[in-house]
Structures are given as C-alpha cells and as structure tokens.
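Q: Chains as they are written, first to last, in full-length UniProt numbering: chain A, 1 to 269; chain B, 1 to 266; chain C, 1 to 267.
If you're looking for bench data, these hints aren't it; they were derived computationally from the structure. One should not assume that every hint holds.
To be verified - The following label-pair restraints were derived from C-beta to C-beta distances: (1) C:Met146 / B:Asp215: 34 to 44 Å; (2) C:Arg194 / B:Glu244: 33 to 43 Å; (3) C:Arg194 / B:Leu217: 32 to 42 Å; (4) A:Val241 / B:Thr238: 28 to 38 Å; (5) B:Asp215 / C:Thr251: 36 to 46 Å; (6) A:Lys41 / B:Thr238: 35 to 45 Å; (7) A:Ile98 / B:Pro253: 43 to 53 Å; (8) C:Asp81 / B:Gln174: 35 to 45 Å; (9) B:Gln174 / C:Ser141: 27 to 37 Å; (10) C:Lys60 / B:Gly254: 40 to 50 Å; (11) A:Glu240 / B:Ser251: 36 to 46 Å; (12) B:Lys211 / C:Arg194: 18 to 28 Å; (13) A:Pro217 / C:Ser141: 34 to 44 Å.
Ideal placement from N, C-alpha and C gives every residue a C-beta, glycine not left out.
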Amino acid sequence: MFRNTYDSDNTVFSPQGRLHQVEYALEAVKQGSAAVGLRSKTHAILLALKRSTGELASYQQKMFRIDDHVGIAIAGLTSDARVLSNFMRQQAMSSRMIFNRPVPVNRLVSAIADKAQVNTQEYGRRPYGVGFLVIGQDQSGPHLYEFSPAGNSYEYYAMSIGARSQSAKTYLEKHYKTFDDCSLEDLVRHGLHALRETLQQDKELNINNTSIGILGPAAPHEKGVSGAGSFRILDGEKVEVFLQSMVPKEPTEAPAAPAATDDDVQMEG
Amino acid sequence: MAAYFQAPTAYSRTALPPLAAVSAPQHLVPPSDTSGTIMAITGVGFTVIAGDARRGDAFGAYPQVRFVPTVFRLTDKAVLATNGFASDGNIFIKKVRQRLDWYRHAHAKDMSLHAIALLIQSMLYQRRFCPFYVHNILGGIEDDGSGAVYSFDEVGSYVRETCRAAGSASTMLQPFLDSQIYPKSSQPPTPGSATHLSLARVLALVMDSYKHAADRLSHDQIGDGLEVYIVLSKGTSTQGLNIEGVSEVTSIPGGERIFLLRRSLA
Amino acid sequence: MDHFPTNWGRPRNDTWDPYATYPIHQRPQNHQPKDRFAEGVQHTQQPIVTGTSVLAIKFKDGVMMAADNLASYGSLARFRDIQRLHPVGKYTVLGAGGDMSDFQYIQSILDELIVDELAAADGHTLGPKEIHNYLAEVMYSRRSNMNPLWNSLLVGGYKDGKSFLAYVDLLGTTYTASTLATGYGAYIAQPLLRRAVEGRENELTADEARKILEDSMRVLFYRDARSLDQYQIATITADGVHITESRKLETAWSFAEGIRGYGAQTQ
C-alpha cells in the first residue's frame, strides 16, 4: 500500500524530506489496540484494550510495571515492547542501586527515545514498531508521556495511541480541562469512556479485554495498595467495579464507517 | 615426653611471610566484622527472625552507631538477617531485592521461600573466590504454610533448620537454643518446626537470649536496639503478639502476615 | 627494596637464611613475587598526606560540620590551609579525613556528577541522601577492586525539609546518626557530641551547635597531635550551604607550665 522508491532504507530521505521507514513504524503503532492515559493532580492512569487471537487464546498483555513509580501501556509489537520495557526496568533499578532514588520519569522516557532515535539513523537497523504511554510519579507529581518509535517523547494531560485512538483523543480533548481535580474514580470513568470510543461497532468493554494501570493513592474499594500508591495493574474481576461506574452511551445517530479492520493482525498487542 | 619431640617455638621452622606478601593487595583491605548477633527460630506456622542494631567501625569494634538494622523484610513471607561485614551485607541485600524484583516482573508473584534460599546460595557461590563476608539467616513461611529457617555460610552452603544463631554471641546462644528447641539432644536434629513451642515462648526465648548475651558480652559486640520480625502463615492466630512495641508491616493483606517488634537492649 | 630496617634481619632470622639451613621450599625467596614488575604496580597501601577528624551534628535547622585546615605528611604539619569541607550541589557538604589526594579525586568526580545533573536541566537534583548512596557505591567498588580510596567521609545535608547526616569509609561501611565524627574525633569528640546533642536535635540553635563543635574542636586540638587550631564550619539549612572562612581556636596553654614529670623536666 505504501510502495515507494525511498522506503527500503531508513537512512535515506525521500525527496520530500521524509523517512518512510519511520513513518511505517508509526503505522505499526496504529495497528495495535488502543491505550489511553490521563492524569489528575494526584493520579496518573492508563487504560488499554486487550486483544486475543481467538476464542481459545488468552488476552495479550498491554501493560508493564517498570518500577513502583512508573508503568507503561503499549500499542504495536509486543516483542519490541518487552525489549524496551526491560531496558527501562534496568535503568530504574540502576538508579535505585547507585543513587537510592526512583529514576526521574522524564529521563527514563528520554532514554528510550534516544534508543529509538538511533534506529532511525543508523544503517542496517529498523525502528521499533511500538509506542508507549508512560505514567510516572516523582517530586513534581504525576506525569504522562507518550513515546513513539520516531524517537519523540512528549508530556501530555491526556493521550491515546493505537487503533482508532483518534476517537479517544476527541473525547479527551473535550474533557481534559476537568481532569486536574478529578477523583480516581472519575478519572478512570473518563478513561473508560475514552477507551470505549475506540471499540468496533459490536464490541464493548468487559473484564477480559480491559486493563487499568493506576499510580497514586488507592480508591476506596481497592485493597492491598501501599500508602503512596505504587503502580498497579488491574485486570479481570478487579476492573468490574470501574466498568460498572460507566455511564451508558447514548445511541449514536450515524456510526462512522469503521476504518480498515485490524482484527487480522495477530502479532500486535 | 611429647614436648621433647616438638620443635621449640623459638626455632620455629615456619618462615614468617615477607613483608611484601603481608601488604600485597589481597590483604590490602581486609573486611571488618562490624559485630552484632542474629538468630531465627521457627515453630508451627510462624518464624521469628531477630538481630541487634549496634555497629562497630571499620578499624576496631568501637560502637559507632546505635541503630543499624541487620534484619530485612524481603517479601510478605521471607525475612533475611545478615551478619558480618556490613558493607558486603548492605550490597548483598540490595542485590537480592533486585533479583526478587526481576522475579516479580517475570512471574507477577513473590518468590517462594525455598527458591529464595537457592537464589541466595547461587548468589553467594558466584563470589566464591571473593566472598561476601556475611552470614545469612533466612526465615519465613514455605508455600505449604510451614515455618522454615535456612542458614548459610559465606560461600553459599546452606541447610534448613529449626533454629540458628550467628554472629558475636552465636557460640553462647546456639547451645542454649539447641537445649530449648531440640527436645532430645542425643537424637540428631530434624529439620522442620519446633512443634512444642508456642509463639509467646519463642519470643520470650529470643528476648532472653539477647538480654543475657548483652549482659555477658563485651560492650562492642552486642547491644542497643533489637529488631524482631515475626512471620505468621496464613490463618495463624496473633496470640502472643499483644506485647509492647509490636507493629504490623504486612504489605498485602489476606496472605502471610509480618510483624516487627522493636526493643532496647540497654 | 624493603625500606623497613627491622626486616633486614640478623643472620639467624627466619626471613633471612644465608647458610641455607632451611629446606628449599621454606626459603624466604620462594615467597617473593615472581613478576619482575610486581613491586612497581602498587595500589594505595597507606594514606600519605592526611587530614584528621571531621565532626558533624544535627541541629534544629539542619546540619553543622567542622574540620580543621591541616593536611599532615606523616607527623609533619605539611599543608596548613587545606579545606576539608567541600560543598556538593546546593544541599550537601562532604567532609573528609584520611588521604587528601583521594579526597581531591572524590571532589572531582562529585563535581562532574553535579554538572551532569545540572545539564539535564529538568528540575531533578541530587540531595545528600543520593550523594551519600553514590559515594558508598564508589567506595565499596574501589575496595572490592583492591584499590580503595583511603578516606572516612561524612555527608551532611538538608533537602525538602529533612536533615541528613551519614558516614562512609574506605570499606564502603555506612551508618547514620545525629552526631558523627571520624578519625580521633570518633573516640574523643563523639562522646562529647552525643552528650550535648542526643535528644535535643530539634531544639539546638545554630549558635548552640556552633559552640558544641567549637568546644569539641578545642579538645581535639589539645589531644590530637595531627590537628590544627585553624578550622572551618559548614552549615547546611533550608537556606543552602554556608562554609565559614578559616577561623582560629582560642586556646590556653598556661597550665602546661605547671605540669611536671614529662620529657626533659623530671621534677
């Protein structure tokens, strides 16, 4: 679909000044199921839609714990994500070992962005085929970053990546001004509403396909969370309460024609 | 008459090592024993792990500080006590904790006690020729709910036991513990729990041991603070724990429980 | 070359055997290093130019430290204007006893560290806790490589409303307390500091803290033959780091006139 003369090598610009391989890598991110991230003054959260390859298969993991104060959600190639998340874990641990401090989140994100950038410039390499939403907490409060295989990283109030993430983004853009003062429950509800926008027509969020990652003090019904609220991933039964809190969608007038289906892509998470 | 055949010491044939060998790099910075005593005892469904908190300095055993923890909570069911060269001990604890973190990343659960014991063995043996000069005692609850104590030497050799003391007062305390915990000293000790001892009795044993060791030993070897961790298996009652200075440090409710008792040995 | 005359030995010395009275495998020469250059490659085996005690205490607004200005060469008072209190970033002071060249090396790696941290320009800074942990790692890894940095260091600081005071030495040994002292200070001054400070960390004013340190420095100057009456005081509080100019101890030696029984005077 993207046949082009200048796309076989990532070290060569096209006459338009574009690096086609890098742009294709960004397409790989869009093939993965959606992930949404948002933050308030006290919390940063991630929500992700998990896929399974079929009735008989389990759901693909979408979130990884990096350290007590950092967690990520991924869209794209899960195998690339594992490599990068292991690198992030090493960085976090070495910071704890050498300085006895949790690694500053922005430096962690910059570190993987730098790694990704190398892959866009050196001959014989390929860019990573995965994008991250990174939430983290440090002295300056909760943070949300997006990492993309182009080697960019930006901080956001709220963001979404992956398949149909534009619909979630539209929702987030409409509501993000209220997020700052949200309670954890309200923030998760907003996140779920945003994530819901990325679903195909006949699908809905359930306890099997939804993951929630939380950083910050526990919600009233959460059990076993340390005082400061280290990163935890909620799956299965634990997301039920949050799913219950969603406000049912009003019947939409004219559902937009679904974009190219992504169900056939099996290796992306 | 035997003395007749012995070489008089003044003509000892053992040559003194030349100075160059004495000051050669391998002897350059000897590890220093920063003193202290640790011990652990396990009963039915519980394990008690204790250590005192006095610390000597690098050159002598002059007590430099009065509160340095030597017992560390690894998970909700495993506690590691270290004794010996303090900086090796600190680094070792950090390394073990990070290995447990990697395990948690890979398997989304805490490592079980016997697996931690094996991990510690291999980590210690990796440094066989430049050892961590640390005695370790690992205590906690096994997957089957039984209490367990594992004791290690510096290079990783380890055994599961019912009780163990290590450090400056160990020669005094181990025979005492043996007499109290292994009912028939003529029989070889069997690994497992001291079935006849209640938690209250074990706690009393531990605190008495430290109190009397502190009375008997010279001031730089034991004293100041005492930290006792009590690990209870799932469902074990807290009877015997309603004493002063006990606080719960369990991180995830619903499983094994950990309590910390702080006392002064002054 | 063995520079120690006591080791040169006499004919009937175990380490010197001119008549080959010992079996070959026990002869001293067999223990000598085989590598021709082995004696040329040396790690620090003893400190050369040394600083003596560093004292530090916590007080109500932060941490205060003191160290004199002397760097000795053996028993010679060689350098008399050396600063042994070194600011590290905006929240921390490092005080050093032991080998001064190793201390200067430590200063340079810490300064580099602070520059790197500053260059990140993201609002994150290294406080005393982080610097102490870093130093402990450095000291421990150097001793593990059989090449220690021959120092006893005190790290004092104040950040985010919290005082920090800790020790680290050539072995990587660390500990923390509300009063700390290195060198002879650990034996002579530490009991004085404890009596004056323990339990009163949150009451002591800066003036009282300064008085306590000054008195202890005076006792050390009277007793420690490698000390000097010129010293500096570092104060670390919410306002940052302040290190005084070199100041002189008020001392009184007139009592020495009355002492009998030492040295040349026998009565």
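Q: Next step is simple, just say for each hint if it's right about the structure.
A: Taking the hints in turn, this is what the structure says about them:
1. As the Cβ distance of Met146 of chain C to Asp215 of chain B is approximately 40 Å, the hint placing it in 34 to 44 Å holds.
2. Taking the beta carbon of each, Arg194 of chain C and Glu244 of chain B are about 26 Å apart, not inside 33 to 43 Å as hinted.
3. In this structure the supplied range 32 to 42 Å is violated for Arg194 of chain C paired with Leu217 of chain B, their Cβ-Cβ distance being about 22 Å.
4. Between Val241 of chain A and Thr238 of chain B the beta carbon distance is about 30 Å. The supplied range of 28 to 38 Å therefore holds.
5. Distance hint for Asp215 of chain B and Thr251 of chain C: a CB-CB separation of about 42 Å, consistent with the stated range 36 to 46 Å.
6. Taken as a hint, the range 35 to 45 Å holds for the pair Lys41 of chain A and Thr238 of chain B, whose Cβ atoms sit roughly 39 Å apart.
7. Taking 43 to 53 Å as the suggested C-beta distance range, the pair Ile98 of chain A and Pro253 of chain B does not conform, at roughly 33 Å.
8. Evaluation of the 35 to 45 Å hint for Asp81 of chain C and Gln174 of chain B yields a failure: the beta carbon distance comes to about 56 Å.
9. Roughly 35 Å separates the CB atoms of Gln174 of chain B and Ser141 of chain C, a value that falls within the hinted 27 to 37 Å.
10. Under the hint 40 to 50 Å, the C-beta atoms of Lys60 of chain C and Gly254 of chain B, about 44 Å apart, fit the expected range.
11. Separated by about 24 Å at the C-beta atoms, Glu240 of chain A and Ser251 of chain B break the suggested range of 36 to 46 Å.
12. Distance hint for Lys211 of chain B and Arg194 of chain C: a CB-CB separation of about 24 Å, consistent with the stated range 18 to 28 Å.
13. Taking 34 to 44 Å as the suggested C-beta distance range, the pair Pro217 of chain A and Ser141 of chain C conforms, at roughly 38 Å.
Checked against the numbered hints given earlier, the structure breaks hints 2, 3, 7, 8, 11 and satisfies all the rest.
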